[in-house]
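**Q** One-letter residues, chain by chain:
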Amino acid sequence: MALDDNKKRYINHHGGKTYFLLGDEACAYGAIYAGCDFFAGYPITPASEVAELIAEELPKAGGICIQMEDELASMAAIVGAAWTGARSMTATSGPGFSLMQENIGYAIMTETPCVIVNVQRSGPSTGQATKPAQGDMLQARWGTHGDHNIIALAPNSAQECFDLMQDCFDLADTYRTPVILLMDGEIGHIRESVVMPELSSVRHTSRKRAERAEEIFGGQELIPGMIHYGEGSNVHVTGSTHLANGMRDVTTPHVHDELIRRIYKKIDSGREDIVRIETDTVANGKSRVGVISYGASARPARGAVKAARAEGKNIDFLRLISIWPFARKQVAEFSRDLDLILVPEMNLGQMSREIERFVDCKVIAVPKIGGVPHTVDEIHQVIMEAVS
Amino acid sequence: MSEPRHRLMDFVREEIMPHRFCSGCGCGTVLNAFTNAVEGLGLDSAEMVCVSGIGCSSWIPSPYFRADTLHTTHGRPIAFATGVKILRPDLTVVVIAGDGDVAGIGGNHLIHAARRNIDLSVFMVNNMIYGMTGGQVAPTTPAGVVTTTTPHSNVEPPFRVADLVVAAGASYVARWTTYHVFPLLESMQNAIKRKGFSFIEIMSQCPENYGRRIGLRTGIDFLKQFKEQALRVEKANGMSEEELKDRIVIGKLCDKERPEYVSELHRITREQVDKLKKEMGGAA
Amino acid sequence: MYTSLLERHRRGRKLIEITENLCKGCEICIEFCPLKVFEKSDKLNRKGYYLPVVTDEDLCVGCRLCELLCPEFAIIITNE
Ligand SMILES: Cc1ncc(C[n+]2csc(CCOP(=O)(O)OP(=O)(O)O)c2C)c(N)n1
Ligand code: SF4
Ligand code: SF4
Ligand SMILES: [Mg+2]
Chain G
1 MALDDNKKRY INHHGGKTYF LLGDEACAYG AIYAGCDFFA GYPITPASEV AELIAEELPK
61 AGGICIQMED ELASMAAIVG AAWTGARSMT ATSGPGFSLM QENIGYAIMT ETPCVIVNVQ
121 RSGPSTGQAT KPAQGDMLQA RWGTHGDHNI IALAPNSAQE CFDLMQDCFD LADTYRTPVI
181 LLMDGEIGHI RESVVMPELS SVRHTSRKRA ERAEEIFGGQ ELIPGMIHYG EGSNVHVTGS
241 THLANGMRDV TTPHVHDELI RRIYKKIDSG REDIVRIETD TVANGKSRVG VISYGASARP
301 ARGAVKAARA EGKNIDFLRL ISIWPFARKQ VAEFSRDLDL ILVPEMNLGQ MSREIERFVD
361 CKVIAVPKIG GVPHTVDEIH QVIMEAVS
Chain C
389 MSEPRHRLMD FVREEIMPHR FCSGCGCGTV LNAFTNAVEG LGLDSAEMVC VSGIGCSSWI
449 PSPYFRADTL HTTHGRPIAF ATGVKILRPD LTVVVIAGDG DVAGIGGNHL IHAARRNIDL
509 SVFMVNNMIY GMTGGQVAPT TPAGVVTTTT PHSNVEPPFR VADLVVAAGA SYVARWTTYH
569 VFPLLESMQN AIKRKGFSFI EIMSQCPENY GRRIGLRTGI DFLKQFKEQA LRVEKANGMS
629 EEELKDRIVI GKLCDKERPE YVSELHRITR EQVDKLKKEM GGAA
Chain E
673 MYTSLLERHR RGRKLIEITE NLCKGCEICI EFCPLKVFEK SDKLNRKGYY LPVVTDEDLC
733 VGCRLCELLC PEFAIIITNE
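Protein chains in written order, with our numbering: chain G, 1 to 388; chain C, 389 to 672; chain E, 673 to 752.
For the record, the hints were derived by calculation from the structure and aren't laboratory data.
From the three backbone atoms N, C-alpha and C, an ideal C-beta is built for every residue, glycine too.
Where hints are given, some of them may not hold.
Over 10 Å on every C-beta distance to chain G, these chain C residues come out as not near it, computed from the model [to be verified]:
1) Pro451
2) Asp456
3) Asn578
4) Phe614
5) Ser628
With a straight-line Cα cutoff of 30 Å, these simulated DSSO-like cross-link-like pairs (lysine-lysine) come out [what the hints assert, rightly or not]:
6) Lys8(G) to Lys663(C)
7) Lys583(C) to Lys612(C)
8) Lys612(C) to Lys712(E)
Construct all of the structure, not just a fragment, from the sequences and the given hints.
**A** Quick look at the structure:
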């Protein structure tokens, strides 16, 4: 979406400054920079700070922030807003993310661009409500029922919370799909300096528009353009299986087959564009052990890799920035000369299972639950055991 | 011989008519009244968004009414509509859905929307049953009735949904039946015109999955009963619970002006934008 | 909206049209027309519903109750 004058003014007001921000707050600023028009949410630790800062700041940039009666309603409201042409988002944590699942599925099925921030906390249920975790990695992938695909990104610093919000909104518009910023409570509550970019360096991706209402849910395009409400096209949006013109057809097998495969494929075929990783490898093929991590866990993981290298061990490192679609090609490549991959994560082994599917070497999860992130020492010790 | 064409076909998705409601179902009559209301108001469908949930009644706008349409998840249409209305206050946003949808699974959204007084018109088709799924008990089913999930009779008292919405703070609330089509039509127009949250509880019939079980086999049976049970609100005022048992209180239950949610939200945004403008010395 | 029946009656001839293939035979028009203008016929439409038939068009006062009650948009009343 093109930024309007109110948003430009807001960015001009902040551009070039450096703030000391929580990850949550950085995410909120990042959203406004990305042209967010509408936020609807429900308070929950450790995501409330996203809503609180957005509530304070978004109106200054011409947008609107509301608190709904629950997370089902929040997710519903942002989908409704998206069909008027708005960039819309919500933010939540585990219990709220669970409540949103049905309407996330609705957004997937209706190909509605929107952004969901999940600042993960320890579960199941209210678990350790105030403690960070990375236990929703697979819920983000498969949380709603039925076959579907999803995009999820995981930041590991306050700055990245800011930066990735732009990516989330752009990807949502480009692929016409909900996008999840899969934070964790540790990153949400970390306080770091964040550089607020100047207006001139803020990029815009426009939502693709359709001309004919007959083809906003299919037709010739893998990713059809949208027509918004109020444009006189009598757009019909439904979460039931539908034809290219949006009209329900819930009985013809090939109609469902083609729709679901297309929605699946549009994200699969964008893999190269969506996948974001960061690697730090030692000189060619010397390493037999690699570490893959993401989000908060990637911080001690990288520290441990550094420490091991200081002791002369050749350890490769890869950080997943995009979680879904999974960086299968990049991970396979990374693993080529390795005997073993260690995967520190704040769960009992979720992404390690996914990594296992795409590599030939051994994969060992380095799980940590209980609400406290790994220490560098803990991971370092596992690495040293592995290399010996 | 070519068939005559009803003028209201301009307002429905004619290519998929006749609709798929059962014979004698009240949903068709509600669609009829609604299209009449829109025609009478001179509303252009390009200025309307119709939002519905899941259930037979939700099919009234989706797919049948020809406008921008959001056919949402079960119970959530008011929440979806909230997002639409906030971003496009200039559009007329109407929610049409069933009693199970609006007052059962979605009851929380209903009372909060009424409390906020958001400028939506919600037309709840109360057929006292979960019609689409085959006749299970609804929060509006009278006590003592046998349904598929209360095979030994329903022990719960029903919600009087319109009264609930009055208490929650809506601007305009009325209750009519599918027998009272002329006042219903007029009431729909008033609801749409009234800025703020408007709600009409439309007592309707599901001969197929409800009537069959309670001895009202046809639409006619229901309409006769509605006619008998109906009691004007003016007359009902001051009557005892006992006297009102088995009666349907019809008419306008409230019509008042209150600050409207979306206008208030936009006012705050305008103020905040202006403040920043000033702070920055009017720079863009 | 509530002009008296008599007054409507004075406005002249009414035209009653039935879109036969929209009718689902619910008989609501037959039952509720205040002047009993319709009766059940033995004619079936394409879907196998018995159609209503107009007994005497001159009886009609053009109140449009049938048009509005009809769940199918199958009745069109024109006040000529
Ligand atoms: C979350 C969820 N739960 C249950 C259902 C199944 N379901 C579909 S329609 C319906 C009831 C509809 O009743 P009502 O809203 O009164 O509409 P009616 O069919 O009576 O017009 C139910 C329970 C669903 N679609 N989604
Ligand atoms: S099942 Fe009931 S509510 Fe649904 S179309 Fe048939 S009569 Fe109407
Ligand atoms: S318009 Fe009135 S009088 Fe005429 S047929 Fe219809 S219901 Fe009867
Ligand atoms: Mg119902």
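**Q** So, for every hint listed, does it hold in this structure?
**A** Consistency of the hints with the structure:
A Cβ of chain G approaches the Cβ of proline 451(C) within 10 Å, the least distance being about 6 Å, so the stated non-interface status is violated. Look at aspartate 456(C): its CB is around 4 Å from the nearest CB on chain G, not clear of 10 Å, so calling it non-interface is violated. Distance check for asparagine 578(C) against chain G: the nearest CB is about 24 Å away, which clears 10 Å, and the non-interface claim stands. Residue-level check passed: phenylalanine 614(C) sits 31 Å from the nearest beta carbon of chain G, beyond 10 Å.
Look at serine 628(C): its CB is around 34 Å from the nearest CB on chain G, clear of 10 Å, so calling it non-interface holds up. This hinted pair checks out: lysine 8(G) and lysine 663(C) have alpha carbons roughly 15 Å apart, not beyond 30 Å. With a CA separation close to 34 Å, the supplied pair lysine 583(C) and lysine 612(C) exceeds the 30 Å bound. Pair hint lysine 612(C) plus lysine 712(E) holds up; C-alpha atoms about 18 Å apart against a cutoff of 30 Å.
Violated hints, in rising order: 1, 2 and 7; the structure is consistent with all others.
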